[in-house]
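A.B. asks: Got chain A sorted already, so can you dock chains B, C and D onto it with the hints?
Number of protein chains: 4
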Amino acid sequence: MTDAFRFPVTVRYLEVDAQNVVFNSWYLAWFDEAMAAFLADRGLPYKQMLEAGHDVQLVRSEIDWRSGVGWGDEITVAVSTARLGRTSFVLDFDVLRDEEITCGGRTTYVVIATDGSGTREIPPMLADALGAPMPLRPL
Amino acid sequence: MTDAFRFPVTVRYLEVDAQNVVFNSWYLAWFDEAMAAFLADRGLPYKQMLEAGHDVQLVRSEIDWRSGVGWGDEITVAVSTARLGRTSFVLDFDVLRDEEITCGGRTTYVVIATDGSGTREIPPMLADALGAPMPLRPL
Amino acid sequence: MTDAFRFPVTVRYLEVDAQNVVFNSWYLAWFDEAMAAFLADRGLPYKQMLEAGHDVQLVRSEIDWRSGVGWGDEITVAVSTARLGRTSFVLDFDVLRDEEITCGGRTTYVVIATDGSGTREIPPMLADALGAPMPLRPL
Amino acid sequence: MTDAFRFPVTVRYLEVDAQNVVFNSWYLAWFDEAMAAFLADRGLPYKQMLEAGHDVQLVRSEIDWRSGVGWGDEITVAVSTARLGRTSFVLDFDVLRDEEITCGGRTTYVVIATDGSGTREIPPMLADALGAPMPLRPL
Numbered sequence: 003m004t005d006a007f008r009f010p011v012t013v014r015y016l017e018v019d020a021q022n023v024v025f026n027s028w029y030l031a032w033f034d035e036a037m038a039a040f041l042a043d044r045g046l047p048y049k050q051m052l053e054a055g056h057d058v059q060l061v062r063s064e065i066d067w068r069s070g071v072g073w074g075d076e077i078t079v080a081v082s083t084a085r086l087g088r089t090s091f092v093l094d095f096d097v098l099r100d101e102e103i104t105c106g107g108r109t110t111y112v113v114i115a116t117d118g119s120g121t122r123e124i125p126p127m128l129a130d131a132l133g134a135p136m137p138l139r140p141l
Numbered sequence: 003m004t005d006a007f008r009f010p011v012t013v014r015y016l017e018v019d020a021q022n023v024v025f026n027s028w029y030l031a032w033f034d035e036a037m038a039a040f041l042a043d044r045g046l047p048y049k050q051m052l053e054a055g056h057d058v059q060l061v062r063s064e065i066d067w068r069s070g071v072g073w074g075d076e077i078t079v080a081v082s083t084a085r086l087g088r089t090s091f092v093l094d095f096d097v098l099r100d101e102e103i104t105c106g107g108r109t110t111y112v113v114i115a116t117d118g119s120g121t122r123e124i125p126p127m128l129a130d131a132l133g134a135p136m137p138l139r140p141l
Numbered sequence: 003m004t005d006a007f008r009f010p011v012t013v014r015y016l017e018v019d020a021q022n023v024v025f026n027s028w029y030l031a032w033f034d035e036a037m038a039a040f041l042a043d044r045g046l047p048y049k050q051m052l053e054a055g056h057d058v059q060l061v062r063s064e065i066d067w068r069s070g071v072g073w074g075d076e077i078t079v080a081v082s083t084a085r086l087g088r089t090s091f092v093l094d095f096d097v098l099r100d101e102e103i104t105c106g107g108r109t110t111y112v113v114i115a116t117d118g119s120g121t122r123e124i125p126p127m128l129a130d131a132l133g134a135p136m137p138l139r140p141l
Numbered sequence: 003m004t005d006a007f008r009f010p011v012t013v014r015y016l017e018v019d020a021q022n023v024v025f026n027s028w029y030l031a032w033f034d035e036a037m038a039a040f041l042a043d044r045g046l047p048y049k050q051m052l053e054a055g056h057d058v059q060l061v062r063s064e065i066d067w068r069s070g071v072g073w074g075d076e077i078t079v080a081v082s083t084a085r086l087g088r089t090s091f092v093l094d095f096d097v098l099r100d101e102e103i104t105c106g107g108r109t110t111y112v113v114i115a116t117d118g119s120g121t122r123e124i125p126p127m128l129a130d131a132l133g134a135p136m137p138l139r140p141l
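Residue numbers (our numbering), protein chains in the order written: chain A, 3 to 141; chain B, 3 to 141; chain C, 3 to 141; chain D, 3 to 141.
Just so you know, these hints were derived from the structure itself, not from any lab.
The calculated label-pair distances, taken between Cβ atoms and stated as ranges, are:
#1 B:R68 - A:G72: 27 to 35 Å
#2 C:G55 - A:E102: 24 to 32 Å
#3 D:E123 - B:R68: 19 to 27 Å
#4 C:E76 - D:D43: 46 to 54 Å
#5 A:I103 - C:D5: 36 to 44 Å
#6 B:I103 - C:G55: 28 to 36 Å
#7 C:I103 - D:A54: 49 to 57 Å
Glycine residues also receive a C-beta, built at the ideal position from the N, C-alpha and C atoms.
Looking at chain A on its own, in the form it has when it is part of the complex (with noise of 0.2 Å):
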């Protein structure tokens, strides 16, 4: 995972909750910003891919907490391509306080057309930014 692309994260004030972590909803929050990071990382801004036609949809998302992170924490969010299919792709994500992983998500996408008409294959541009998959963890 050393190597994974790795997104910033500042917690927000709003998203810790009474029981004083951050709630887990956000978590699905910085996973959107952090694919979107990454895809910008390696030459697709989103902005591009939209324009092109193109726009992502998620399908299925795992989670799991090992531990709660807090206001103040120094949070990043490490993406991985884990796999690269035809019509869909998966993305991990582990969320690091310093260098401990508090989290770990998964989150497979299919490609839709952004004029309504539906799902498509994936298009070369995406997949030249989504490169080689090398999963944070076994599938």
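C.D. replies: Relative to chain A, chains B, C and D alone:
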């Protein structure tokens, strides 16, 4: 205020922060929901307004907090038309825990066309739903 | 699934994103609300559990989306106990628009002590409320 | 305003609603983050204030929107101390897209003790960080 429309709010666990009270931004979320419910209660479901080509846009909000509300508190949001202009209107909100006013809000909206052509005068269907102004506090 | 507990959800305007469907993270917010309502419906208001010194913590979530839901859709979240272990339990969720299952969720919780002393076995009050497992889909 | 502290904001995809602009409630989330960053920039990390027994609570907010901001827009939030009283203080915010002010905010806070004993006078550490008032618009 006794006769104002009342919209029940169930505080979500995630809306409560580490201070153990609802974080301030969620009040604007509640006001938005309460606004749509208020119009529906007065005969104008929001979708009907959209289908007729009208939408509303928030241009100003003011909120005054007297005390916080917590998870599990029984909350209602009272809504009343405070002012009805030619191109804008004002709604007043009271956030009530039982009969205690914990927070007062005032929001100003303009009407916009759904076709992107900009602001327009308040259409009769909306003016009818808003009714005669009865501000919850002095304008 | 016909007999599962059902929790009504009103989609908030802010939950809908530029794709015109509810953004994925809000499903976890709904599941959290539905979980508390489910326990209350089965005789265990969440506050009563907290006062007895028990709290629950999410350790895993899985969500599968079949289709999106939009603002104004009539949504219910069906909830059922899927597994009841010694220290953890699993809930199943179906997000229904009318009678169509648009999304399925499964969440795993552990019980923790409110005094910060860590995880503990599922207390009888919670086991009683969870009842006999009836998963909404194969485990 | 040129010299005001500026806090960069990355608009999250989920913050954009079906009108394709950021939903109003997220501005309060941004102001909260910008406030903490402003104090830290002026020598008072929020955690240090909490450890010293002080916290702040929002008692009033005003927001005026001139135009919406969208996903991918480059946004900064300018922050300035607008008023410094004995027990309360006021911050001004400008939301900028490039150099265009799209929105102005003003928030009033009181200082509370973290031990639950209520409001107190503004402590010197906070007054020092707030500095001499320089409102972004007339009070």
